[in-house]
Structure formats: C-alpha cells, structure tokens
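Engineer: This is what each chain is made of:
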Amino acid sequence: MTRELLEGNYAMAEAAVRAGVEAYFGYPITPQTEILEWMSHRMPEVGRAFLQAESEVAAINMLYGAACTGARVMSSSSSPGVSLMMEGLSYIAGTELPVVLIDVVRGGPGLGNIAPSQGDYNQIVHGGGHGDYFPIVLAPASVQEAIDLTVLAFDLAEKYRSLAFVMADGSVGQMMEPAELPEMRPVRKERPDWAVTGAVGRERRILSSIYLNVELEEKTNFRLLERWYEVEKNEIRYREYYLDDAEFVIVGFGTAGRIALSAVRAARAEGIKVGLLRPVTVSPFPAAQVAELAQKAQAMLVVEMNTGQMLNDVLRIVKGACPIEFYGRMGGVVPYPDEILNEIHRITREPVSPDGDPRLRWMQRFTPGRGQ
Amino acid sequence: MDTSVSTVKNQTVYIRPSALTDTPSHYCPGCTHGVAHRLIAEIFDEMGIREKVIGVAPVGCSVFAYNYFDTDFVEAAHGRAPAMATGIKRLLPDRVVFTYQGDGDLASIGMGEIMHAAGRGENITVIFINNAIYGMTGGQMAPTTLPGQKTSSSPSGRDVETMGFPIHMAEVLAKMEGSGYIVRRSLHDPKNIRLAKKAIRTAFEAQVRGLGFSMVELLSSCPSNWGITPLESLKWIEEKMVPVYPLEDFKVAPTLAGLKF
Chain X
246 MTRELLEGNY AMAEAAVRAG VEAYFGYPIT PQTEILEWMS HRMPEVGRAF LQAESEVAAI
306 NMLYGAACTG ARVMSSSSSP GVSLMMEGLS YIAGTELPVV LIDVVRGGPG LGNIAPSQGD
366 YNQIVHGGGH GDYFPIVLAP ASVQEAIDLT VLAFDLAEKY RSLAFVMADG SVGQMMEPAE
426 LPEMRPVRKE RPDWAVTGAV GRERRILSSI YLNVELEEKT NFRLLERWYE VEKNEIRYRE
486 YYLDDAEFVI VGFGTAGRIA LSAVRAARAE GIKVGLLRPV TVSPFPAAQV AELAQKAQAM
546 LVVEMNTGQM LNDVLRIVKG ACPIEFYGRM GGVVPYPDEI LNEIHRITRE PVSPDGDPRL
606 RWMQRFTPGR GQ
Chain Y
1006 MDTSVSTVKN QTVYIRPSAL TDTPSHYCPG CTHGVAHRLI AEIFDEMGIR EKVIGVAPVG
1066 CSVFAYNYFD TDFVEAAHGR APAMATGIKR LLPDRVVFTY QGDGDLASIG MGEIMHAAGR
1126 GENITVIFIN NAIYGMTGGQ MAPTTLPGQK TSSSPSGRDV ETMGFPIHMA EVLAKMEGSG
1186 YIVRRSLHDP KNIRLAKKAI RTAFEAQVRG LGFSMVELLS SCPSNWGITP LESLKWIEEK
1246 MVPVYPLEDF KVAPTLAGLK F
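Chains as they are written, first to last, in my numbering: chain X, 246 to 617; chain Y, 1006 to 1266.
Simulated from the structure, these hints should not be mistaken for laboratory data. No false leads were slipped in.
Covered stretches of chain X (in silico footprint by chain Y; criterion: 3 or more residues with CB under 8 Å from a CB of chain Y, positions within the stretch not fixed):
#, stretch
1, 288-302
2, 311-321
3, 439-445
Not the full set, but computed from the structure, chain X residues with beta-carbon under 10 Å of chain Y:
#, residue
4, Ile305
5, Gly333
6, Arg449
Please read these numbers as outputs of a predicted model, since none were measured by experiment. Note that the Cβ used here is the ideal one computed from N, Cα and C, for glycine as well.
Produce the entire structure from the sequences given, and follow the hints as far as they go.
Structural biologist: Written out as structure tokens, the structure reads:
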C-alpha cells in the first residue's frame, strides 16, 4: 500500500471496513459525522450493513443486537452522543460482547462545542455506564495511529469479549495527514460459540445481562475483573520519547501528547533533559511505566486537554515518588507547544513542590481563554 | 404378562408445543402472558420455523420470556427491543426476528424505537402485550392506562387533564408506510384467543414474506395489579378495555388478506 493524504474520520472508517466490519450503526454528530457518511456509501458497496439510526440510543442498541450475532460490528459518535449510549454500553459490557466504538471527543460539558477536547477521559476510562466493567480504550495521536488502533480495537474486543473504544479527539478526526491504510482483510465467516444465530441443530442460546441471582451476578463481576487483569497483563501500549536520560518527564495522551512532543523537542534543542511518555492504551493504563519513571524523575508534568482527568490516575500511581505539575487547556482549546515549553522551563528552573495539589497550583497561574 | 399389545387407544388432544420449554411459569395466576407465549410457540411449530427464530425479550414481567421459548433469544434494555431486533435482522435477514414487549416498554420508554422500526418498515414482528398497567414494578400507571383507572401512581384514577390520554399504538403504527400488518386482538375468551392466534400467524407470515413491520397488540390481563380475580380480569378486558381499544385490523398488506391457514 502507499501513503495517501487522509482525513482522520474517513481513515478510521475505511480502516474498519478493511478490518472486516460487518455492520455499522450511527447518528450524525460533529466532529465525527464523516465516519457515518463514509460508511453510508462504503458499507453497501461491499455488501455489508449500514443504518443511520434515529438516535444514539437506538444506534447503540442496534449495535447490541448485531453484536449478539457474533459479527464484527461498530459505531461512532462524539461526546454528547456517547453520553446517550452509556445505557447500551453497560448492557453490552454485562452481556460480554465484543463491540468497537469510536469517540471523537469534543468540548463539554453539555452541548459544549465541536472543537477538540479530551474531556471524555473519565466518561470512557472510568465508566459512564452503570455497574462494574472495564473498557479497553485506545488513544491515537495521528491519522496513522487512528487507522492502526481502529484495526487493533476489533482484535482486542474479540479476544476479550470486551468493549473497545478508540478515543480520538476532534483534531485527530478532522485533520488530514499522510497515512497508509491496511490491506483489505476477508470478512470473518466463522461465528463464536456463544453467538445467537437461530438454534439450527443445536441447543438454544440466550444472551442477556440479567442475573437476578445475586451470586451469579457476583461471579459475573468477578469474571469481568479477572478478564480485565488479563488485559492489563497483555495489552498495555505506550510510546516513549527521549526518556533514556530524561530528568524531567511529561505524560500526555492523544493530541495533547503529540503537542507535548513538539515542546520536548524544542527543550531538547536547548539542552534540557526532558522526555515524554504517551499512553496509547489509556485503559489499561501504563501504570508500571509511569511509576518507574517517577522513581528517577526530578519532576513530572501531566498535560491534558481537560481539567486533569488523567492527572488523578497519575497521582494515584506515583504516590508522591516525584513532584508533579499539571498543565491543561479545556473546553475545546488546544495548547500551543510554546505553552508546554514554558511549563518545561518552569519545572526545570525552579523546584516543584512535592506537596499540595498540582491542579490548584495550575489554576493559580492559569488564565482561561486567549485574551478573549 | 403380555405387553406387546395395547387395547387402549390414546388420542392426544393437548400437548406442550415443542417450541415451548418445560419450565414452570413465573407469571401470576390468571395472567395472560402464558396464553400469548403458548400461541406464539404453537405458530413456530405449525410454521416449522423454531430453528430460525431469534426472540428479543423486553424489560417488564416478560423479561424472562426467553426462559419459555426453545429458540435463540436476547434480552434488551427497557424499550430498546425494536432497535436490538433491527441490529439482528440486518445481519441475519433470513432469520425470523420478533420482539415481545409490554405497554410500558413499547409505548412509553420505547416509543422512539418502535416508531422508527415501523417507519423503516423493519421486517420484524412485534407482539405487544397491552394490560393497561406496569406489572413488574407493581401496578403503576402506563401510557395505556384507561381514563379514570386507579393504579399505584394514579391512586385517584387517571385524570386526563393532568396525566393525559391512553395511547393507541396499533392505530398510530398503522399510519406508518413501512408497516405491513397491524392489528389488535384480545385474550379474554376462547373465541378471541383463536382470533389472536390467527393474527399472530399472519404477522409472522408477513415477516417471512418480507412485507415489512408487523405487530399484533394483545389486550391482556393483570389480576395481581388490577386487584381483582382472574375471572373478573377477563370481564374487565371485555367490558372496559375493548371499548377503548377496538379489536380491529388497522393495516393488512394486500397479499396477506387472502391467506388461509
């Protein structure tokens, strides 16, 4: 294959087609509507199911039904739409079905705006839906990574009978850059031994998330937890940049991580020994790597496009092993590399307090808006 | 002892349909869910489609419908059965997909999903149990509760000024261009049960023939939450519900009109 100039949303949609997705159900919402539009012509073209649902609530429940047949299925949405899907996502998790959902995150809360944001970290990584379940969450920082992680999401969802999210943001969804699509894979014909397909020559099968017997529900909760520990053991993915000799460490995912890399390169040009850890799986989170880096770092800087949702996880993991600072932009504002470079200068020039609340310190030095 | 010759001729007049599992019922005495289940299972046997059927159970008293049918089944979230059925049918168009839903599930929380499934002409069959009350949660007002009817959340009776009017789903869905067969029947006496069975058969025949969305609304009893005996419940359907919910054919695709079973 050759590299082409591709928009993130179209690229993720076509990557799913080439990964053998058999059904897509969705509802228009900016900044991911191009996925729906692409699927609306591409899926019929290759003889697969496409349906524009009447709402995100309907879309996720169509997906729930389609997943019960054992086929490779997906939907996509953006933050407010994903909020509407939370009921269905919990049912899908409770029924232990493999489902892929792309969330192209936008500014919130509420209607918010259509600009890039990472405000869905808590909604996706730490739940949203009711009950005990653990989704796999992949966070791309480029169009190429969005393609690769979309394909991976299907494989992981099926391997662990799990929800797998691709949590992109508006910029990954909307920007164009050179990337390479995978070869077209044949559609998987075989169906898993739990799939509901009509009881032809076999015992009937029932797929449900109801366990009125509390002990069976407890066993189900425990099974999901055990499976999650398998995911944590096998599937943690991250990218390391300039960390070998780094005295200062930045942690950021997705677009925030990519912008931080520009700042790290600028600082390296000045001779500052700073590196970047970019979690690719934000769930499971590369906790051991963050903990190890904290042991040798003079200070750590967490950069996000939200109010510090991942920061809470980093604080829990680092447990005071090194001082932590935070820098965030919110509500659809994307940080410039210079802003992060300024933060790097600050933590390298003056000692960072090992105590106190890094979010509070950031609030005290931060002015929201860009002079508006 | 000679056991090779039997002089007694047994004629079977009543057996459990093979599409119904041998499972003790969890439904209350006098509830007509059991009758509806049996009719559906008899039709699966008669049409020979048991192995092709995929059912979608609702939330409500019939949440455990899947326990009784010897077919593949899934369990939907409250009101979402038509969406789930859509997902299944779009991937397995040669299977027979049906939802079994009560009035709270279909006409209240699931109004969006049922309307759009009908609007799309989704080729599924819906069995709609209308007993004018929420059963599983203990007798609250439903969208189908009759004017003046007392429930645990309309203790002085449904006042249409503040609580609105009953919703007539069969009439509403028959207006949709995508629907192929929409009728209302009742389960209050043997004659009406036979008519209900014929309607359910026609609804599944409509799906097998690809005629679009089909629904049979069944007026049903809920003695436990109505607070009357099973026998009084059947009379209540006949005397109170039928005048509000007429037993009619609201939409019959032309090719179904002449079908004989």
